[in-house]
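Given the sequences, and given the hints that come with them, work out the whole structure.
Sequence order for the protein chains is A, B and C. Mapped onto my numbering, the consecutive letters of the first sequence carry residue numbers 1 to 524. Mapped onto my numbering, the consecutive letters of the second sequence carry residue numbers 1001 to 1246. Mapped onto my numbering, the consecutive letters of the third sequence carry residue numbers 2001 to 2122.
Calculated from the structure, these hints are not laboratory results. In this text, a Cβ means the ideal position worked out from N, Cα and C, and glycines have one as well. Hints may be right or wrong, so weigh each one.
Distance windows between CB atoms, simulated [as the list claims (entries may be wrong)]:
hint, chain 1, residue 1, chain 2, residue 2, range
1, A, H197, C, T2011, 39 to 45 Å
2, A, F26, C, T2011, 47 to 53 Å
3, A, R435, B, D1058, 24 to 30 Å
The calculated BS3-like cross-link candidates involving lysine-lysine, where the alpha carbons are at most 30 Å apart (straight line), are [stated by the list, open to error]:
hint, chain 1, residue 1, chain 2, residue 2
4, A, K98, B, K1007
5, A, K247, B, K1024
6, A, K247, B, K1015
7, B, K1015, A, K98
8, A, K2, B, K1015
9, B, K1223, B, K1038
10, A, K247, B, K1165
11, B, K1007, B, K1024
12, A, K247, B, K1038
13, C, K2018, A, K391
14, A, K98, B, K1024
Only some residues are given here: those of chain B computed to face chain A with a beta carbon under 7 Å [claimed, not checked]:
hint, residue
15, D1069
16, L1087
17, D1089
18, I1090
19, R1156
20, P1160
Each chain, written out:
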Amino acid sequence: MKRQFVLIGGGQTSASAARTLRRRGFDGSIVIVGDESHHPYQRPPLSKEYLQGRAAMEEIWAAAPEWYSQNDVQLELGARALRIDRANLDVMLEGNRKLRADAVLIATGGTPRRFPGAQGEAVLYLRTLEDAQRVREYARPGRHIVIIGGGFIGSEIAASARTLGADVTLLEAMQAPLERVLGTTLGGVCAEIHREHGVAIRCGVAVESITQTAGGRVLVKTVDGASIDGDVAIVGIGILPNVDVAKATEITVGNGIRVDEFCRTTALNIYAAGDVANHYHPLFDRRMRVEHFDNATRQGAAAALNMLGDRTRYDDPHWFWSDQYDHSLQYAGHAEQWDEVIVRGSLEARDFVAFFLLDGKLAGAFALNRGGEIMLAKELLARRITVDANKLRDEDFDLSSLVTEDVSENSAVDGEDAAATAGNFHRAARSGQVREGSVRRFVVQGTELAIARLNGKAYALHNLCTHLACHLSSGKVENNGLTCLCHGSIFDLASGEPINPPATRPVKTYPVREIDGHIYVAVE
Amino acid sequence: MAQLLDKTQFRAAIKEAMQGREAKDASFSVAWSNGHLKREHFARWAENHYHYVGPFADYLAHIYANAPDHATEAKDFLLQNMYEEELADIRHTDLLIRFAEACGTTRQRVQDPRNMNPVTRGLQGWCYATAMRSNWVAATAALVVGLESQVPDIYRRQYPPLLEKYGFSEDEVEFFELHITSDEVHGERGYEIVLRHADTPESQQECLEAVRDAADMRFSYTKALYDYYVKDFKHADSELAAVGSV
Amino acid sequence: MTEWIRATEITPLQQRKKLKVTIAGVDVALFYVDGSVYALRDICIHKQSSLSRGLVFKGKVVCPGHQWAFDLKTGWVDQWAKCQPVFPVKVEDGVVYVAPEPRVRDVEPAPHERFCESGSTA
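Written out as structure tokens, the structure is:
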């Protein structure tokens, strides 16, 4: 019976997972279950080009609407998943429907955090297409928009609305917008940019209440007693991960759905990725949950590979961007704490990369109008390269010289499993599965192999003895080679040559690489 | 006089015979999945489990010998099952011992029959007796359907906590991962053989009883693990003390 | 008959590894990698950033705007299944020539069509 994979969540993560599954030749059924009525679309444009009216629907689909039917991906739109039956993996949908599944991906994203007590049509949030359409109504001259929250969503809405001519007030509780990510100084640079464009930005003061007044306007009160009147209040204070399906399925949650570096939840064959996934990150050796679009794409792809059985560690260094006015803000890495910031370039000229270091190690980098060097920062992070503060600061020093050595198998440039695409190597097993002196049977891309370890090194031979096709994996690893159980033929592990009869023909051997605790074998 | 059931009814009856006595619901299994056990409990589990699953190839060999020549598919399946257990990829008991070592016990202790509790000893004995003396179809029903087919369900619940709650590595718990997929297939093939070869009402009833007994045996085996090692088992002298007091 | 337009002498390109030139009124980004020259339209198909301000890495040019990574030879970006226009290039007597007709694919290129580390001339 054909396999069926169910992807719960109708956003970029599921779309990316579906694309990856088809790209990798998965020929089973794929069903995407989304609670919105639209085909999966990208959310970043909702606060930027879509809000500004510079992008039509066609440009913001996660995949063109025809793609799904052309690639046999079934869409269940306007459908809500309730829970998953852990025994048989059936996905229960609202309305007493269920979908059978061989593997499930939960990519349910998040819901904007509500400001307590704020109610009414003049209090808006931005997450969906409909939200963006409502916000658009107010983004025009003569309207006053009060934005609560100076994070990326708030900052982008401020920039977009201001560009369209609306009056904008931005309220941020911390000392500067984006302070948690960038620190006070760099956050201050961003605040200046807003001020220069005429945004009334107020930092260091928390909002006490948001109330709708008679006439449909809003009144925003801050804790220091000030009151701000506006046409609309837009709240951007973060999202809460949508963990209801996981909780109903008794999967471990805590700041999102907990997954390991293979996107696995605590339930077998159930994966999670995207905004909802609290993932263990091998590069930063910690758990984190991020809301980057790029993470939705790459983690969705990684989850798909793992669902196919192609074990892939998800250790992408993380990257996101924010376009505000005509400035390009980009960030690579994940620095929750830092003790040093090195600036390469000029803050005044608004043309720099700031490197965040903790204990001398690079943790993150922020670039204002320097997108080229952000990719290098990603590579430095991915390869854990030790950085010299002076070299980072020195604009005459070419940073790409630090990463031209092609030592690592990992590349932060594209999201594909680098070891797999480099010369047909495919993951066969964990190193720990093949212990010293043992031989075991694995199937890689349809080829049956005997993988043995002798004197620390792993070897891969075709599993059938060239004498009478007995399984070599049932045999023994001895000092001179691999002995077939049936009639005593012995094969040299490296060359496959028969060194003891009755076999007379060599058995095929395959190139092996061991990287990061996994054994990869190159098969055609 | 019982009726001969058709395949669908017989399959449903077999499933029903196992209901209400699934080992996954026994106290030890529940404590396991909820994260309430300690490594030493798993070590005791391994020292018992080895003596139950260790001879599985033996049990199947007896059923193989009792099965008539014309039941070729069934015989081949039994042979294949034995081969997989011991030789095809890796000896399953080696994986079990690997887990046991990660729990702080040794190969010698695991393999020493003196370390199993009396209920485990009873289960092992029952498996041998069923395999050697029961009608071969009933024996298949008991061991392959009643016992082996439950394994994926049990281990599916027990495997993730081993990684997530108890902190074992994937290599240390490969025993469980392997059985989730392999026993799924075996269990299903076992069903097919029983459905095909239990062709009289008597033989069907015999199979249903065998399945019921197997489920009871596994349940009590699992429960005993809790009673002996987890539940602060009070020793005999405290009973004497209770009797002696006024 | 291909019309070849003189773009630049090879030396400045070899020194700086990348150079922006104008060919028949269109900005073209030239990249010098492993002894070969590659030419792609400078303005990114995504949000119009300048590719010549990006970086070349592992056979791809990464746009500084949003990190879209285009294969040097075919212009294909895997992650988005789209194509940046590429131009035919030839080097003769130390001079780089570019033909003004861009090539854009609509299907994913095969592995042998992409940039290959063992070296290939455009």
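Check each numbered hint against the structure and report the violated ones by number, ascending.
15
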